[in-house]
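Participant: For reference, the chains in residue letters:
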Amino acid sequence: HLQLQESGPGQVKPSETLSLTCTVSGDSISNNNYYWGWFRQPPGKGLEWIGAKFYSGSSEYNPSLRSRVTISLDTSKNQFSLSLSSVTAADTAVYYCASDIFRSDWCHGGQWGQGALVTVSS
Amino acid sequence: EIVMTQTPLSLPVTLGQPASISCRSSQSLVHSSGNTYLSWLQQRPGQPPRLLIYKVSDRFSGVPDRFSGSGAGTDFTLKISRVEAEDVGIYYCMQATQLRTFGQGTKLEIQ
Numbered sequence: 009h010l011q012l013q014e015s016g017p018g019q020v021k022p023s024e025t026l027s028l029t030c031t032v033s034g035d036s037i038s039n040n041n042y043y044w045g046w047f048r049q050p051p052g053k054g055l056e057w058i059g060a061k062f063y064s065g066s067s068e069y070n071p072s073l074r075s076r077v078t079i080s081l082d083t084s085k086n087q088f089s090l091s092l093s094s095v096t097a098a099d100t101a102v103y104y105c106a107s108d109i110f111r112s113d114w115c116h117g118g119q120w121g122q123g124a125l126v127t128v129s130s
Numbered sequence: 127e128i129v130m131t132q133t134p135l136s137l138p139v140t141l142g143q144p145a146s147i148s149c150r151s152s153q154s155l156v157h158s159s160g161n162t163y164l165s166w167l168q169q170r171p172g173q174p175p176r177l178l179i180y181k182v183s184d185r186f187s188g189v190p191d192r193f194s195g196s197g198a199g200t201d202f203t204l205k206i207s208r209v210e211a212e213d214v215g216i217y218y219c220m221q222a223t224q225l226r227t228f229g230q231g232t233k234l235e236i237q
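Residue numbers (this note's numbering), protein chains in the order written: chain A, 9 to 130; chain S, 127 to 237.
Looking at chain A on its own, in the form it has when it is part of the complex (with noise of 0.2 angstroms):
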């Protein structure tokens, strides 16, 4: 049963970069039939997506967002992480980790960390 759980600094000052990381159980961050990505949800409103990173290497980032992220592996530790450059107050959010999951096609969203709240303020 697959499992991922958030954890990083629940503030961060702003310009500085956030930096999460999701620790997968239950298997390996390796098997492509996983699609690790990013998702955050400001308090009280809704959901946004980040981005998403194959363990092949490809991957996708929000348009909006793109230009400060970087979503990477580590299958030594069996992690991804998360890096968003240059934030501000408007990069408050609960940020969570999750997966797709391919089951004779892709499960877009199968599995949720239980999300870690980051603040941005000095």
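The set of hints was computed from the structure by calculation and includes no laboratory data. Owing to the predicted nature of the structure, the values given are computational and were not obtained by experimental measurement. Some clues are possibly wrong.
[To be verified] Straight-line distance between alpha carbons at most 25 angstroms, and here's what the computed DSS-like set of lysine-lysine pairs gives: (1) S/LYS205 / S/LYS181; (2) S/LYS205 / S/LYS233; (3) A/LYS53 / S/LYS233; (4) A/LYS53 / S/LYS205; (5) A/LYS61 / S/LYS181; (6) S/LYS233 / S/LYS181; (7) A/LYS53 / A/LYS21; (8) A/LYS85 / A/LYS61.
Fit chain S to the known structure of chain A by using the hints.
Facilitator: Below, chain S alone, put in the same frame as chain A:
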């Protein structure tokens, strides 16, 4: 960017009664593969989202059969045949045909 529009945004429902949420996309969600990648997710209060329906009408693992999805092209619907107390939360449609975008969310509450 594909814009997703949900109606209604608020949905008061009596226990045991049916509920229906609509989702419309700004362009067709038919992928080059021929599949239509429209999902429905449920977010209970204080919880992460949970996948209910994928590819318009396929129920994900463990999802009760009172949830069903339908639609094609640009118009989609999530139906709950008989609402239970545990169904309270916000429901989102999400397209994955061209990157990902979400509807605004529909808040289901028990009246």
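Participant: Next step is simple, just say for each hint if it's right about the structure.
Facilitator: We went through each hint and held it up to the structure:
1. S/LYS205 / S/LYS181: holds (15 angstroms)
2. S/LYS205 / S/LYS233: Holds, at roughly 14 angstroms.
3. A/LYS53 / S/LYS233: Roughly 12 angstroms between the alpha carbons, so the hint for A/LYS53 and S/LYS233 holds.
4. A/LYS53 / S/LYS205: holds (23 angstroms)
5. A/LYS61 / S/LYS181: holds (20 angstroms)
6. S/LYS233 / S/LYS181: Answer holds: S/LYS233 to S/LYS181 is near 22 angstroms, not above 25 angstroms.
7. A/LYS53 / A/LYS21: holds (22 angstroms)
8. A/LYS85 / A/LYS61: holds (16 angstroms)
Checked against the numbered hints given earlier, this structure breaks none of them.
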